[in-house]
Amino acid sequence: MEIKKLLWPNDLSGCSEMALPFVKSLAEKYKAEVHVIYVLQDLSKRGSWYGDFDQSRIKKLQQWEEETARKRQAELCKKYFEDCDKFEKHIRIGDPAQEILKMIEEENMDMVVICRKGEGENNRFSMGGVAEKIVRNAPVSVVTVPQADEK
Amino acid sequence: MYKKILFCACLTEFCEHVFNFSLKTAKDNNARLWIYHGLGRLNLNDNEVTREIKDAENRMNTLFAEKMKQQGFSNYAINVSDGDIVSEITKLARNINADVTIMGTSTKPPLAAGESTNMSPLGTVTAETLLWAPCPVLVVPPAMVPGLTRRK
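Chains B and A, in that order, give the protein sequences. FYI, in this note's numbering the residues of the first sequence are 17 to 167. FYI, in this note's numbering the residues of the second sequence are 595 to 746.
By construction, these hints were calculated from the structure, which means they are not laboratory data. Mixed in with the good hints, there may be bad ones.
If we take Cβ atoms under 10 Å as the criterion, some of the chain A residues that face chain B in the derived model are [what the hints assert, rightly or not]:
{"no.": "1", "residue": "ASN623"}
{"no.": "2", "residue": "ALA650"}
{"no.": "3", "residue": "PRO735"}
{"no.": "4", "residue": "PRO736"}
Only pairs whose alpha carbons sit at most 16 Å apart, straight line, appear in this in silico EDC-like list of lysine to aspartate or glutamate [to be verified]:
{"no.": "5", "chain 1": "B", "residue 1": "LYS105", "chain 2": "B", "residue 2": "GLU91"}
{"no.": "6", "chain 1": "B", "residue 1": "LYS47", "chain 2": "A", "residue 2": "ASP622"}
{"no.": "7", "chain 1": "B", "residue 1": "LYS21", "chain 2": "B", "residue 2": "ASP126"}
{"no.": "8", "chain 1": "B", "residue 1": "LYS45", "chain 2": "B", "residue 2": "GLU98"}
{"no.": "9", "chain 1": "B", "residue 1": "LYS45", "chain 2": "A", "residue 2": "ASP693"}
{"no.": "10", "chain 1": "B", "residue 1": "LYS20", "chain 2": "B", "residue 2": "ASP111"}
{"no.": "11", "chain 1": "B", "residue 1": "LYS94", "chain 2": "B", "residue 2": "GLU104"}
{"no.": "12", "chain 1": "B", "residue 1": "LYS40", "chain 2": "A", "residue 2": "ASP693"}
{"no.": "13", "chain 1": "B", "residue 1": "LYS149", "chain 2": "A", "residue 2": "GLU722"}
{"no.": "14", "chain 1": "B", "residue 1": "LYS45", "chain 2": "A", "residue 2": "ASP622"}
{"no.": "15", "chain 1": "B", "residue 1": "LYS20", "chain 2": "B", "residue 2": "GLU49"}
{"no.": "16", "chain 1": "A", "residue 1": "LYS621", "chain 2": "B", "residue 2": "GLU18"}
{"no.": "17", "chain 1": "B", "residue 1": "LYS105", "chain 2": "B", "residue 2": "GLU82"}
{"no.": "18", "chain 1": "B", "residue 1": "LYS20", "chain 2": "B", "residue 2": "ASP126"}
{"no.": "19", "chain 1": "B", "residue 1": "LYS21", "chain 2": "B", "residue 2": "ASP99"}
{"no.": "20", "chain 1": "B", "residue 1": "LYS40", "chain 2": "B", "residue 2": "GLU91"}
{"no.": "21", "chain 1": "A", "residue 1": "LYS597", "chain 2": "A", "residue 2": "ASP693"}
{"no.": "22", "chain 1": "B", "residue 1": "LYS21", "chain 2": "B", "residue 2": "GLU123"}
{"no.": "23", "chain 1": "B", "residue 1": "LYS61", "chain 2": "B", "residue 2": "ASP111"}
{"no.": "24", "chain 1": "B", "residue 1": "LYS105", "chain 2": "B", "residue 2": "GLU18"}
{"no.": "25", "chain 1": "A", "residue 1": "LYS618", "chain 2": "B", "residue 2": "GLU18"}
{"no.": "26", "chain 1": "B", "residue 1": "LYS47", "chain 2": "B", "residue 2": "GLU91"}
{"no.": "27", "chain 1": "B", "residue 1": "LYS20", "chain 2": "A", "residue 2": "ASP622"}
{"no.": "28", "chain 1": "B", "residue 1": "LYS149", "chain 2": "B", "residue 2": "ASP111"}
DEER-style ranges, computed between Cβ atoms [unchecked claim]:
{"no.": "29", "chain 1": "B", "residue 1": "ALA90", "chain 2": "A", "residue 2": "ASN624", "range": "54 to 60 Å"}
{"no.": "30", "chain 1": "B", "residue 1": "GLU122", "chain 2": "A", "residue 2": "GLU651", "range": "43 to 49 Å"}
{"no.": "31", "chain 1": "B", "residue 1": "CYS100", "chain 2": "A", "residue 2": "LYS621", "range": "28 to 34 Å"}
{"no.": "32", "chain 1": "B", "residue 1": "TRP80", "chain 2": "A", "residue 2": "PHE667", "range": "51 to 57 Å"}
Each residue gets a CB set at the ideal place from its N, CA and C atoms; glycine is no exception.
Build out the structure end to end from the sequences listed, making use of the hints.
Structure, rendered in structure tokens:
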């Protein structure tokens, strides 16, 4: 088994960090590159219910989200990975599942490690929507990691 | 990393590439490999259930044990049981303290003519195990079946 590139979709939630030990040990074992991806929601495409949004505020909000994600990704690398050269950071805008699947194809990923539930899901009886779409559609093996309180 | 691996076998042809993947992972990591096959809920008496379990064990020995012996891998255990398959898998994963559970997407053949290799019908056992497993679950898609993959 050869794993050269490992994709770690991270929505900066606690559950995403549960995947960290697995990402780290897989990366060390197979000397693989770790690609972490954060997908921003494209707020500008949302329709307004009560009149038009002020576009500058949306831009500002998106910029803030992007900056926070960049900062957090840089922290992750410094804090948990010794070799930051093998830690690639990606930020994309759009539908999370679609962007992650696109990334798997474009970057020729060998494996995906993803948390069972993301930031949005608090339901014990269903899987995270993004995780499920990835498991169903990814052309590579996918490891889903449970949350700490689900073990 | 992975020291205890649980591989859920469905005893179909499609299962073979998932088994090869599990065996390779176990060898790479010097891990112990549990191979589990669930028979589901059987409406049979005790003797018949025992016979069914024995039959399945024999089939698993022919399918997997021989192959492992040929490759010089002996750190494995074969486990067959009746009862709800998902409950049995999660129970076993919890009891052996598995580091990872490896399974395929579905027991159905991966491809019908013209189907995409990427789209995998996620079987109910896999979908529910993903939800209830106490450990990470690694799903091997049909796109990784040798010959089907479009990757170099």
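Going down the list of hints, with the structure as the test:
no. : hint                               : in the structure
1   : ASN623                             : holds, 7 Å
2   : ALA650                             : violated, 26 Å
3   : PRO735                             : holds, 6 Å
4   : PRO736                             : holds, 9 Å
5   : LYS105/B with GLU91/B              : holds, 11 Å
6   : LYS47/B with ASP622/A              : holds, 13 Å
7   : LYS21/B with ASP126/B              : holds, 5 Å
8   : LYS45/B with GLU98/B               : holds, 14 Å
9   : LYS45/B with ASP693/A              : holds, 15 Å
10  : LYS20/B with ASP111/B              : violated, 26 Å
11  : LYS94/B with GLU104/B              : holds, 12 Å
12  : LYS40/B with ASP693/A              : holds, 14 Å
13  : LYS149/B with GLU722/A             : holds, 15 Å
14  : LYS45/B with ASP622/A              : holds, 9 Å
15  : LYS20/B with GLU49/B               : holds, 6 Å
16  : LYS621/A with GLU18/B              : holds, 13 Å
17  : LYS105/B with GLU82/B              : holds, 12 Å
18  : LYS20/B with ASP126/B              : holds, 6 Å
19  : LYS21/B with ASP99/B               : holds, 14 Å
20  : LYS40/B with GLU91/B               : holds, 15 Å
21  : LYS597/A with ASP693/A             : holds, 7 Å
22  : LYS21/B with GLU123/B              : holds, 8 Å
23  : LYS61/B with ASP111/B              : holds, 11 Å
24  : LYS105/B with GLU18/B              : violated, 22 Å
25  : LYS618/A with GLU18/B              : holds, 10 Å
26  : LYS47/B with GLU91/B               : violated, 21 Å
27  : LYS20/B with ASP622/A              : holds, 15 Å
28  : LYS149/B with ASP111/B             : holds, 11 Å
29  : ALA90/B with ASN624/A: 54 to 60 Å  : violated, 35 Å
30  : GLU122/B with GLU651/A: 43 to 49 Å : holds, 45 Å
31  : CYS100/B with LYS621/A: 28 to 34 Å : holds, 31 Å
32  : TRP80/B with PHE667/A: 51 to 57 Å  : holds, 53 Å
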